[in-house]
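Enquirer: Could you build the full structure based on these sequences and the hints that come with them?
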Amino acid sequence: MMRRCLGLGALGVVAALSLPGCFSNNRHQGARIYAEACAGCHGDAGQGLGRLIPPIAGADYLALHRAELPCMLRRGVHGPMTVNGILYNQVMPAARIDDKQLSPARLTNLLNYIENNWGNHAAPRTIQEVERQLTACPNVGEADKAINLGALHSSKKVVILSVAEASLLR
Amino acid sequence: MSNRFWLAPALAAVLLTACSGPSADQAARLPILGERDVRPNPNGGPADTIFATAPAFKAVDQAGQPVTNQTFAGRAYITDFFFATCPGICPKMNGALLTVFKPYATDPRVAFVSFTIDPAHDSLLVLNDYAQRLGVTDAARWHFVTTGRSATARDTVYGLAKGFFTAAQPDKAAPGGFAHNGTFALVDDQGHIRGLYDSLNANEVARLQKELPVLLAEIAERHPQATAAK
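So the protein sequences, as listed, match chains X and D.
Counting along the first sequence from 1, when you hit position 30 you're at 30 in the UniProt record's numbering, and nothing is skipped either side.
Counting along the second sequence from 1, when you hit position 95 you're at 95 in the UniProt record's numbering, and nothing is skipped either side.
Because the hints were derived from the structure by calculation, they are not lab data.
All values derive from a computational prediction rather than experimental measurement.
Be aware that one or more of the hints could be misleading.
Derived Cβ-Cβ restraints for the label pairs, each shown as a range [stated by the list, open to error]:
hint	chain 1	residue 1	chain 2	residue 2	range
1	D	P103	X	L87	25 to 33 Å
2	D	Q70	X	M81	34 to 42 Å
3	X	K100	D	G34	37 to 45 Å
For the chain X half of the interface with chain D, some residues (derived, Cβ under 8 Å), not all of them [stated by the list, open to error]:
hint	residue
4	C38
5	G40
6	L52
7	P55
8	V91
9	M92
10	I97
11	R132
12	L134
13	P138
We treat Cβ as the ideally placed atom computed from N, Cα and C, and that holds for glycine.
Expert: Here's what the structure looks like:
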């Protein structure tokens, strides 16, 4: 009897120790991905940086462009963007971890994290919803075309200014 | 009996703090970084030690004003190397430098200089826009500078980066096309580099915030009249 109790107890201990292993540690995956892939530019609390990097905290953009967000994270963003009435114009690279693109599941966790923190409130996303939104995402070739157009515009500006700069540096 | 056991460490503590008091002032000096050169004195006597200085530079800031080493004569300055379209470490780097800058935004004893490593793209207009967006309105306080658009300008700025102990070079694989690390250099009134700090490490940024006043105090000692005039 005593031995059986001990045996059961030992089994209980083994079960208690191994049970957490049965669950994935994805509960805070969104926060971890944010810290690794996003916080460098958008800040530890989604505060952004001046008028260079738009905030995520309390950003009207999230609700206004909900369906586009998975694609933006997957492909990156270029060109002007208005957030909370302020015009930003920077390059956002695709969100990547270990140089790999984020799976729909990881994108879902990341979006649920940023959309429900720092004053943001949104309906929780499902992986299916994110997968569906990713199917409408332009392929790499089209994204590249957009980047090249942007580069053309900015190089024009540079040429105009170079004369003034050259005279200043003489 | 037991009281005596307590007395001994207490006494030791009092003695130790008494000893470290004056030497703490002495220790509050930042090192001079870089290789030093020892030159024998031609007249005999002790040899001269020549301390390394920051490299010479000639650039133009976002307001179109020339910026050289002479711009900072008698003052401290902090440098970093960035580019305006940098999607990698630059926002974090310049965000960190912004926190260092804010308490000194109107303090003439220290200035800030950010060199673009992409002078082909970062025209004065681009640099000015970048500064404004970061919240830097006075170009004389924080200069965003370019070494010019000529073919040699890039090589110039990469050489400068090396001179300020940071790495910068074109790299197609790196985000934005340039590989660089985010080292801040703290330069004193005589052009010596007195501190290097990794901008991506919060502890290092805190160390810069702690060491900058130490350097400013040292400079004030060297120029007592300038300080008195204020």
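Enquirer: So, for every hint listed, does it hold in this structure?
Expert: Going through the hints against the structure:
| no. | hint | verdict |
| --- | --- | --- |
| 1 | P103(D) / L87(X): 25 to 33 Å | holds (29 Å) |
| 2 | Q70(D) / M81(X): 34 to 42 Å | holds (41 Å) |
| 3 | K100(X) / G34(D): 37 to 45 Å | holds (40 Å) |
| 4 | C38 | violated (11 Å) |
| 5 | G40 | holds (4 Å) |
| 6 | L52 | holds (4 Å) |
| 7 | P55 | violated (12 Å) |
| 8 | V91 | holds (5 Å) |
| 9 | M92 | holds (7 Å) |
| 10 | I97 | violated (14 Å) |
| 11 | R132 | violated (28 Å) |
| 12 | L134 | violated (21 Å) |
| 13 | P138 | violated (19 Å) |
When the structure is compared with the earlier hints, violations turn up for hints 4, 7, 10, 11, 12, 13 and for no others.
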